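Asker: Based on the sequences and whatever the hints tell you, model everything.
Residue numbers (the numbering used here), protein chains in the order written: chain A, 507 to 630; chain B, 61 to 372.
Quick caveat, the hints were computed from the structure, so don't treat them as lab data.
Remember, it's a predicted structure, so these values are computed and weren't measured experimentally.
We treat Cβ as the ideally placed atom computed from N, Cα and C, and that holds for glycine.
Treat the hints loosely; a few may be bogus.
Computed list of chain B residues with no C-beta within reach of chain A, every gap over 10 Å [said to hold, decoys possible]:
1) Ile100
2) Lys173
3) Leu194
4) Thr301
5) Leu329
In silico SDA-like cross-links for lysine to any residue, where the CA-CA straight-line distance does not exceed 25 Å [stated by the list, open to error]:
6) B:Lys294 - A:Ile533
7) B:Lys78 - A:Ser588
8) A:Lys563 - B:Gly245
9) A:Lys563 - B:Phe282
10) B:Lys167 - B:Ile157
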Amino acid sequence: MPFMTVSEILPRSGVGFSGFFREAVFILPALGATLLGIYVLSGAEPEYLNRLFLWQKQGIFALLGLGIAFLVSRIPVPFLLSFAPLLYAANLGLVAWVLTSGTVKGAPAPGSNWADSLISRRRP
Amino acid sequence: MKIVAILFLAYLLTRGLKGRVTFPRMMIAVIAAALPSLLIFLQPDLGSAMIFPPILLAVLFGARVPRRYVTLILSPLWAVLAIPNEPLLWVVWGAGIGLWLVLLHLKGERLSKLALFLVVQILLAGFMVKSDDLLWSKVLKPHHRDRLLGFVQTAEGSTRDLTGSDYHLHQSLIAISSGGMTGQGLGEGMQSSHGFIPMMRTDFIFAVIAEELGFAGAMVLFLFLAWLLMNVSKCAGFADTWGECVVVYGVLGMWTAHIFINIGMTMGLSPITGIPLPFVSYGGTSLVSNFVALGLVLSVYRRCRFHENPFT
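Answerer: Spelled out as structure tokens, the structure:
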């Protein structure tokens with residue numbers, strides 16, 4: 507069964523408030539740890555070159571992540587598994603490209619990590 | 061990459077199989093986990109590469125791979141015993157391998173396969189003995205070697221170089237020990253507010269929590285993480301399909317490895333590697349990818365065969 511039809515997915519998706527409360531057993535601890543992290547970041551020195559505080563940036567990413575988690579939770583895992591080889595090949599290609607391009611992941615100096623090098627390459 | 065690897069491993073270990081993982085399929089899964097791990101190690105990012113073996117073990121456990129096959133994967137750890145190349149250790153190594161082969165034979169493994177396993181073990185131990193210098197001096201980077209040496213010296217209690225590779229750990233231990241019961245207050249930590257702890261908002265955020273929020277804050281964090289891991293492990297048991305169960309175990313293995321290695325390194329219980337603490341460390345990519353993993357668990361939970369809440 508490589509693909510599931512919509513009629514197979516929907517009756518078991520449990521959409522609604524009861525579904526949300528059931529999911530709270532996972533969301534609450536994850537969100538609690540995230541909020542604790544954001545709280546600790548609020549005591550950090552601000553980075554004056556950035557417009558946002560660290561905790562504000564982390565908060566935005568937490569909201570974004572929560573939204574993505576809800577979206578992903580609506581996709582049945584067996585459906586995702588049917589795409590897994592494709593995703594794996596694409597990811598492996600990306601990791602190999604990062605390695606062969608000679609850039610270093612997480613390098614501290616600007617312009618030397620892979621994201622910075624991508625941006626600087628596109629800059630006129 | 062880790063989440064995609066979990067999905068692919070679940071695909072390999074369940075697709076087309078009728079409730080039983082075959083040996084060739086398991087070996088393909090091992091190669092599929094080793095490949096990204098090797099590429100990431102060569103970047104070099106030892107921390108991220110170290111997460112793949114626990115993910116593989118968790119996924120194999122979830123897929124109910126026979127334990128004798130899992131011990132085969134763990135056997136390189138036993139070969140480490142032969143590295144000093146001393147007669148007594150060779151005897152211990154041989155006794156261990158002999159016992160393992162006898163147990164496999166009692167489980168019904170064929171003699172031809174046992175002979176193959178024995179040859180593999182001898183080759184592996186020989187490789188370890190001959191190439192330990194190569195592995196140490198060529199494969200590992202200087203900072204990896206310094207951190208491993210620092211970790212071993214810390215464990216032995218010998219005098220450490222507090223300005224070099226042990227600086228991270230030393231500052232982290234001072235921060236954790238100075239937190240007390242309720243901490244020094246938000247933004248008031250002596251080590252963190254003066255920037256003594258390196259990577260204090262990402263890899264070493266647990267040290268900052270322990271210093272600023274104290275033992276109480278650290279315990280609250282432990283409770284949240286333990287609660288999450290416990291619920292995820294429960295969810296794996298209620299998964300609707302075999303593949304979903306394997307995915308949940310993979311996520312559980314990933315989070316458990318992250319939490320144990322990260323908190324362990326801040327307390328000197330594991331070597332220092334650049335691994336974030338799930339949901340807590342500063343960094344958008346890490347946070348979002350952890351929420352994607354949470355989404356996978358939620359998806360499995362929404363479709364689980366018990367429509368009433370199994371947690372009540």
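Asker: Against the structure shown, which of the earlier numbered hints fail to hold, in ascending order?
Answerer: Hint check: 1, 4 fail, others pass.
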